[in-house]
Amino acid sequence: MFDSHVMRPIITLLTDFGTIDGYVGEMKGVLLSGVPNAEVVDITHDIPPQDVERARLVVARVWRRFPEGTIHIVVVDPGVGSSRAALAVASDGRYLLGPDNGVLSPALLSNSARVVDLPITSHVAATFHGRDVFAPAAVALASGEHFDALGSEMRSPVVRRTPEPVRRADGVLDGEVVIVDRFGNAVTNLLGMRGGTIEVGAARIAVRRTYAEVDPGELVAVVGSTGFIEIAARDGNAAEMLQLSRGSPVALRTSR
Amino acid sequence: MFDSHVMRPIITLLTDFGTIDGYVGEMKGVLLSGVPNAEVVDITHDIPPQDVERARLVVARVWRRFPEGTIHIVVVDPGVGSSRAALAVASDGRYLLGPDNGVLSPALLSNSARVVDLPITSHVAATFHGRDVFAPAAVALASGEHFDALGSEMRSPVVRRTPEPVRRADGVLDGEVVIVDRFGNAVTNLLGMRGGTIEVGAARIAVRRTYAEVDPGELVAVVGSTGFIEIAARDGNAAEMLQLSRGSPVALRTSR
Amino acid sequence: MFDSHVMRPIITLLTDFGTIDGYVGEMKGVLLSGVPNAEVVDITHDIPPQDVERARLVVARVWRRFPEGTIHIVVVDPGVGSSRAALAVASDGRYLLGPDNGVLSPALLSNSARVVDLPITSHVAATFHGRDVFAPAAVALASGEHFDALGSEMRSPVVRRTPEPVRRADGVLDGEVVIVDRFGNAVTNLLGMRGGTIEVGAARIAVRRTYAEVDPGELVAVVGSTGFIEIAARDGNAAEMLQLSRGSPVALRTSR
Numbered sequence: 001m002f003d004s005h006v007m008r009p010i011i012t013l014l015t016d017f018g019t020i021d022g023y024v025g026e027m028k029g030v031l032l033s034g035v036p037n038a039e040v041v042d043i044t045h046d047i048p049p050q051d052v053e054r055a056r057l058v059v060a061r062v063w064r065r066f067p068e069g070t071i072h073i074v075v076v077d078p079g080v081g082s083s084r085a086a087l088a089v090a091s092d093g094r095y096l097l098g099p100d101n102g103v104l105s106p107a108l109l110s111n112s113a114r115v116v117d118l119p120i121t122s123h124v125a126a127t128f129h130g131r132d133v134f135a136p137a138a139v140a141l142a143s144g145e146h147f148d149a150l151g152s153e154m155r156s157p158v159v160r161r162t163p164e165p166v167r168r169a170d171g172v173l174d175g176e177v178v179i180v181d182r183f184g185n186a187v188t189n190l191l192g193m194r195g196g197t198i199e200v201g202a203a204r205i206a207v208r209r210t211y212a213e214v215d216p217g218e219l220v221a222v223v224g225s226t227g228f229i230e231i232a233a234r235d236g237n238a239a240e241m242l243q244l245s246r247g248s249p250v251a252l253r254t255s256r
Numbered sequence: 257m258f259d260s261h262v263m264r265p266i267i268t269l270l271t272d273f274g275t276i277d278g279y280v281g282e283m284k285g286v287l288l289s290g291v292p293n294a295e296v297v298d299i300t301h302d303i304p305p306q307d308v309e310r311a312r313l314v315v316a317r318v319w320r321r322f323p324e325g326t327i328h329i330v331v332v333d334p335g336v337g338s339s340r341a342a343l344a345v346a347s348d349g350r351y352l353l354g355p356d357n358g359v360l361s362p363a364l365l366s367n368s369a370r371v372v373d374l375p376i377t378s379h380v381a382a383t384f385h386g387r388d389v390f391a392p393a394a395v396a397l398a399s400g401e402h403f404d405a406l407g408s409e410m411r412s413p414v415v416r417r418t419p420e421p422v423r424r425a426d427g428v429l430d431g432e433v434v435i436v437d438r439f440g441n442a443v444t445n446l447l448g449m450r451g452g453t454i455e456v457g458a459a460r461i462a463v464r465r466t467y468a469e470v471d472p473g474e475l476v477a478v479v480g481s482t483g484f485i486e487i488a489a490r491d492g493n494a495a496e497m498l499q500l501s502r503g504s505p506v507a508l509r510t511s512r
Numbered sequence: 513m514f515d516s517h518v519m520r521p522i523i524t525l526l527t528d529f530g531t532i533d534g535y536v537g538e539m540k541g542v543l544l545s546g547v548p549n550a551e552v553v554d555i556t557h558d559i560p561p562q563d564v565e566r567a568r569l570v571v572a573r574v575w576r577r578f579p580e581g582t583i584h585i586v587v588v589d590p591g592v593g594s595s596r597a598a599l600a601v602a603s604d605g606r607y608l609l610g611p612d613n614g615v616l617s618p619a620l621l622s623n624s625a626r627v628v629d630l631p632i633t634s635h636v637a638a639t640f641h642g643r644d645v646f647a648p649a650a651v652a653l654a655s656g657e658h659f660d661a662l663g664s665e666m667r668s669p670v671v672r673r674t675p676e677p678v679r680r681a682d683g684v685l686d687g688e689v690v691i692v693d694r695f696g697n698a699v700t701n702l703l704g705m706r707g708g709t710i711e712v713g714a715a716r717i718a719v720r721r722t723y724a725e726v727d728p729g730e731l732v733a734v735v736g737s738t739g740f741i742e743i744a745a746r747d748g749n750a751a752e753m754l755q756l757s758r759g760s761p762v763a764l765r766t767s768r
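Residue numbers (my numbering), protein chains in the order written: chain A, 1 to 256; chain B, 257 to 512; chain C, 513 to 768.
Honestly, the hints are just simulated from the structure, not real lab data.
Hints are supplied without guarantee of correctness; some may be wrong.
[Unchecked claim] A partial selection of chain A residues facing chain B, derived with a Cβ cut-off under 7 Å:
1) Asp46
2) Arg61
3) Asp181
4) Arg182
5) Thr210
[Unchecked claim] A short list of chain A residues far from chain B (calculated; beta carbon distances all over 12 Å):
6) Ser82
7) Ala85
8) Ala90
9) Leu109
10) Arg114
11) His123
12) Glu145
13) Pro157
14) Thr162
15) Arg168
16) Ser248
17) Ser255
We treat Cβ as the ideally placed atom computed from N, Cα and C, and that holds for glycine.
Please build the complete structure, drawing on both the sequences and the hints.
Shown next as structure tokens:
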């Protein structure tokens, strides 16, 4: 089925730019001018401005889902123009380009990761490295330039991690809400385990297999699609019902 | 002009996921990992969470505009994880994949429609059939698997229809607002007919050819791009002016 | 690297349609039905309804960033259905299609620009020229039709320009805010010049090289990525802090 004639570099974009100002459009123009047969894929441009943590979690979800050879450009960059480094990462056969603020951590944590520091020349716009540093680096990679030629080796990039839950003496795990998604589901840092009960404030919520095991409007906890427990409300918004936001404490009590 | 070397499967995505959580990104990764030369096309990810009816209306607009062979993935799925079936539909040369909740009705209503029930294996995430059921089915179709091999025949899928207007004794048609669009235009279920008058509350609005036949700020009714009458305000927001929303009653009085 | 077998027409879309109503989806269907190997690229669909000026500024940013041969479709069109012309523009090797309301001005101002008036036949939906006039014209161009065959020559298209700053007797330049972007940065019509000071209300803000030269939360002026001075707040929202919006007066005082 696959035909080498249509082999295209896949380049994804993940930013906090929105689309309304044309910044993403400019980046797409740079990419397609440099690599006319690239497949440019939008991951999202709706990360809240400068929310590095939220972007990191999206990177964690998507970066390894794409085929080997994919180039992910991630620009959520409150430090643009400062002395923070601009990174290229090669990890598990994929490439990632973005600022050195932890947003690329999911790929940096792989054993295979190699990192280079991209040079920032003086004619680069100090406010728009997405267009003038990261998109050109993607063009270079997609055009066959060797990864190591992109910059000098970088030994200590910034790495962020989701906080680990803490086990109490009685075995209960104290965790927290990592993200509230569009549906009002609160994704926690508690690894999935059926038979347990989530405690959040005064609420006690059994961990079940699917939303459909409770009645509409009721709270339910399920093991979500990344393996972590999510608190949801069937056909409703759990985060609003429980007033949950990023960092809210939640605990997991298991029956054993 | 057309060259068989660049023949690519076209796969469209229509969801209520937004893009901010990375769920759509994961689906794109699954699709491009399975079918590297696919053309993945965003229809929308902005359907309000779980608004099956709104998604159905977008499906109605777009599904047959795409070339034969197109695969449409439609995931607006309040019942994910329940016993609702997961469908594949072949209709008028296009394929559609989505939950059995009526969202695929526009394609199901064609005489040529065939439907199969996609198997949901036990290792599928109960909360994310978009990634684990529908995207893999699209990959299978795009890779040449035969439609009938995707699942077992399904005889009575859920079908939703736009309500029909009702004719009064005096010939006036009682209809309703089907959707209010981004511009505040209220699309009705009344088939276009010039020479008539729309009655909505105390307002009487002549059906005209274009918005431009009234002055800025004035109400106007026109035959919209799908053949149904829309109530608009030139350079304004008719739904706000008339307090219209989905289901609001409107009537069409014709001169004859 | 480049292989003529994968030469694809690039067609970009810039609208105020949002995606929720399926209008953009319909246009993509028309484009891919007519040109199955086209690369359809979203610039934005989030222009506020009928905000021709904002769309014009995005066109200015992006149109020449794309490779020669690119076809840009721009539909922000408060006058759809009126007697305003529908334009095709050939300029600097790119093509642009859109209404004659100034939205295509950045390309019209090039010396090389040629313009034709697209015919609007009677079976076109009076409310949706994006689907029925501009997308078919893009299909014609991408299929090899000659530009001049698309319509009759047009000699006086509507052109809009960003207002020029005015120089006071004492050398201070009186300018204005042209756009407030998603980050709350206020882009002005004052061409970049370091060593100057921006005056806005009672505030005096030195023009610096990067955001990072001030402390978080502080106001800063920088030369933005298009060469014009922007007023920003490091890790903050300058437009909110200074209550700036499109048209707000700002002045540039230089030290000489």
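How the hints compare with the structure:
{"no.": "1", "hint": "Asp46", "result": "holds (4 Å)"}
{"no.": "2", "hint": "Arg61", "result": "holds (4 Å)"}
{"no.": "3", "hint": "Asp181", "result": "holds (5 Å)"}
{"no.": "4", "hint": "Arg182", "result": "holds (4 Å)"}
{"no.": "5", "hint": "Thr210", "result": "holds (3 Å)"}
{"no.": "6", "hint": "Ser82", "result": "holds (26 Å)"}
{"no.": "7", "hint": "Ala85", "result": "holds (25 Å)"}
{"no.": "8", "hint": "Ala90", "result": "holds (18 Å)"}
{"no.": "9", "hint": "Leu109", "result": "holds (17 Å)"}
{"no.": "10", "hint": "Arg114", "result": "holds (22 Å)"}
{"no.": "11", "hint": "His123", "result": "holds (33 Å)"}
{"no.": "12", "hint": "Glu145", "result": "holds (21 Å)"}
{"no.": "13", "hint": "Pro157", "result": "holds (21 Å)"}
{"no.": "14", "hint": "Thr162", "result": "holds (14 Å)"}
{"no.": "15", "hint": "Arg168", "result": "holds (28 Å)"}
{"no.": "16", "hint": "Ser248", "result": "holds (17 Å)"}
{"no.": "17", "hint": "Ser255", "result": "holds (21 Å)"}
This entry satisfies every hint, going by the numbered hints stated previously.
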